[in-house]
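Going down the list, the protein sequences come from chains G and C. Each residue of the first sequence is one higher than the last, beginning at 742 in the numbering used here. Each residue of the second sequence is one higher than the last, beginning at 2 in the numbering used here.
Note that these hints are calculated values from the structure, not bench results. Check before you lean on any hint, since a few could be wrong.
[To be verified] Only some residues are given here: those of chain G computed to face chain C with a beta carbon under 8 Å:
1) V768
2) R813
3) A839
4) D841
5) G844
6) S873
7) G874
8) I919
9) K924
10) A925
11) K926
12) L929
[Stated by the list, open to error] Distance condition first, Cα-Cα at most 20 Å in a straight line; then the derived EDC-like pairs of lysine to aspartate or glutamate:
13) K155/C with D32/C
14) K924/G with E40/C
15) K155/C with D116/C
16) K129/C with E109/C
17) K926/G with E109/C
18) K155/C with D134/C
19) K155/C with E109/C
20) K129/C with D90/C
21) K926/G with D134/C
22) K924/G with D914/G
23) K924/G with D907/G
24) K129/C with E143/C
25) K924/G with D855/G
26) K155/C with D125/C
27) K924/G with D38/C
28) K155/C with E143/C
29) K926/G with E143/C
30) K926/G with D887/G
31) K924/G with D54/C
32) K926/G with D125/C
33) K926/G with D907/G
What you are looking at is a predicted structure, and each value in this text was computed from that prediction instead of being measured. In this text, a Cβ means the ideal position worked out from N, Cα and C, and glycines have one as well.
Here is how the chains run, residue by residue.
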Amino acid sequence: MQENPETHTRHVVVLRRVLPLLAVVGVVALIVGANDDWRTALQRSAETAFTAELAIEAPEFAGQMSDGRRYRLIAARGASTQNGGVSLEAPQLDIASAADKPGVRVTAANGTTDAARSRLSLTGAVALQDDSGNRLTTEQLFFSSDDGRLQAPQRIRMQGPAGLLDAAAFEADTQTGIYAFDKAKLRLNRADGARERQ
Amino acid sequence: MITRGVMTVLLAAGLLLPTGTAAQGLRFATDRNAPLDLEAGRLVWQQTAGRVDISGGVLVQGPLSLSARTMQLTLGADGTPDRLTAAGDVVLVSTGAPNSPAGGRRAEAATAVYDLAGQTLVLDGGVKVNVQDTRPVNLSGESLMLDMRDGRAKLSGGGGTAKPAGKGRARIELGR
Numbered sequence: 742m743q744e745n746p747e748t749h750t751r752h753v754v755v756l757r758r759v760l761p762l763l764a765v766v767g768v769v770a771l772i773v774g775a776n777d778d779w780r781t782a783l784q785r786s787a788e789t790a791f792t793a794e795l796a797i798e799a800p801e802f803a804g805q806m807s808d809g810r811r812y813r814l815i816a817a818r819g820a821s822t823q824n825g826g827v828s829l830e831a832p833q834l835d836i837a838s839a840a841d842k843p844g845v846r847v848t849a850a851n852g853t854t855d856a857a858r859s860r861l862s863l864t865g866a867v868a869l870q871d872d873s874g875n876r877l878t879t880e881q882l883f884f885s886s887d888d889g890r891l892q893a894p895q896r897i898r899m900q901g902p903a904g905l906l907d908a909a910a911f912e913a914d915t916q917t918g919i920y921a922f923d924k925a926k927l928r929l930n931r932a933d934g935a936r937e938r939q
Numbered sequence: 002m003i004t005r006g007v008m009t010v011l012l013a014a015g016l017l018l019p020t021g022t023a024a025q026g027l028r029f030a031t032d033r034n035a036p037l038d039l040e041a042g043r044l045v046w047q048q049t050a051g052r053v054d055i056s057g058g059v060l061v062q063g064p065l066s067l068s069a070r071t072m073q074l075t076l077g078a079d080g081t082p083d084r085l086t087a088a089g090d091v092v093l094v095s096t097g098a099p100n101s102p103a104g105g106r107r108a109e110a111a112t113a114v115y116d117l118a119g120q121t122l123v124l125d126g127g128v129k130v131n132v133q134d135t136r137p138v139n140l141s142g143e144s145l146m147l148d149m150r151d152g153r154a155k156l157s158g159g160g161g162t163a164k165p166a167g168k169g170r171a172r173i174e175l176g177r
């Protein structure tokens with residue numbers, strides 16, 4: 742059955758108006774869909790809408806290790822992480838001295854604690870110094886406040902009264918004062934007090 | 002002609018001074034001003050005890066190197082190195098020029114103690130010394146004391162007292 746000519750004309754008019762609009766919308770959708778930045782921005786805004794990030798100015802944490810020594814962790818800035826930890830900018834960890842154990846200070850460019858605040862990961866220009874005049878530098882260091890253990894999986898350099906030491910890796914128990922170095926090269930200081938230059 | 006065996010006996014009895022390099026006194030090439038470098042597979046520092054335990058260690062100071070299965074570095078009250086004790090397959094090698102007063106030397110012993118302040122190195126327990134010259138000489142005794150300041154070494158038998166030939170005296174064997 743043939744369409745009414747009047748109705749046909751109305752349909753054509755509507756289509757002539759709607760189809761170009763649909764074409765423009767389709768092209769825009771293709772462009773947006775192909776652009777990663779747009780997708781990421783849309784995704785991020787969605788996440789932000791449902792996740793609150795806590796920023797902390799000059800955070801400070803304090804506690805006590807199992808050997809009774811107190812420790813204190815401060816930073817310039819901090820922010821909560823998705824797993825419940827805290828990321829730190831310019832962290833500084835201080836472990837108090839005891840009768841037979843020197844105090845320790847550790848600084849780094851960045852740090853992250855776990856949710857329980859018992860494990861600290863430090864990265865970037867990590868420097869450890871103790872009261873006995875020993876100074877250790879490396880790029881990555883882990884500290885556990887539960888047992889006072891330190892671990893550096895990358896190359897370390899340590900300078901102190903005994904001499905200058907380079908090693909492939911390092912781990913220590915600050916509670917017993919035992920430090921272990923793998924593949925170590927130690928340039929000993931002389932007994933007469935003369936120090937070796939690098 | 003004095004045979005090699007007779008010469009050995011005479012030397013052991015202390016009636017004949019050794020000839021050649023040995024007659025000039027036993028010496029090792031040393032450089033007390035050279036850096037003291039210690040290399041170890043694993044180094045464990047016990048801070049409270051002032052002690053460093055080393056496994057698979059080699060100590061190098063200029064032309065002299067000392068290796069052993071285990072070593073222990075004792076630190077003074079100020080943390081500076083005081084004494085190094087080595088045990089197990091101790092080998093002391095001096096890489097001096099051949100035929101020089103302090104040429105190539107190799108000594109083996111059970112233990113060694115390097116007094117870093119006193120600048121003496123003492124090897125103990127079945128000491129064997131190989132003097133690598135054009136005419137190699139093998140020496141043996143109970144103890145070898147090396148003065149790091151001038152490289153002079155003294156090889157002695159057990160007890161340090163005069164004993165019958167073949168018992169408790171340093172023994173010298175001349176090579177062919």
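Exercise. Holds or violated: is there a CB of chain C closer than 8 Å to the CB of L929/G?
Worked result: It holds, given that the least Cβ distance between L929/G and chain C is near 4 Å, below 8 Å.
Exercise. Does D887/G lie within 20 Å of K926/G when you go C-alpha to C-alpha?
Worked result: violated (31 Å)
Problem set entry | Holds or violated: K924/G to D54/C, with C-alpha atoms at most 20 Å apart | Since the Cα atoms of K924/G and D54/C sit roughly 13 Å apart, the hinted pair holds (cutoff 20 Å).
Problem set entry | Proposed proximity, E109/C with K926/G (alpha carbon, max 20 Å) | Measuring from Cα to Cα gives roughly 24 Å; hence the hint is violated.
Problem set entry | Hinted contact A925/G with chain C - closest CB pair below 8 Å | This interface hint holds because 4 Å falls under the 8 Å limit.
Exercise. Do the alpha carbons of K155/C and E143/C lie within 20 Å of each other, as the hint requires?
Worked result: holds (11 Å)
For this session: For the pair supplied as a hint, K926/G and D907/G, confirm whether the alpha-carbon distance does not exceed 20 Å.
Result: holds (5 Å)
Exercise. Does the interface hint hold: is G844/G within less than 8 Å of chain C, judged Cβ to Cβ?
Worked result: violated (12 Å)
For this session: Quickly compare the C-alpha distance for K155/C and D32/C to 20 Å and report which way the hint goes.
Result: holds (18 Å)
Problem set entry | Restraint check for K926/G with E143/C, where alpha carbons must lie at most 20 Å apart | The hint is violated at about 32 Å.
Problem set entry | Agreement of K924/G and D907/G with the hint, judged by alpha carbon distance not exceeding 20 Å | holds (8 Å)
For this session: For the pair supplied as a hint, K155/C and D125/C, confirm whether the alpha-carbon distance does not exceed 20 Å.
Result: Given pair K155/C, D125/C holds - Cα atoms ~12 Å apart, limit 20 Å.
Of the hints listed earlier, those the structure fails to meet are numbers 1, 2, 3, 5, 17, 21, 25, 29, 30, 32, in rising order.
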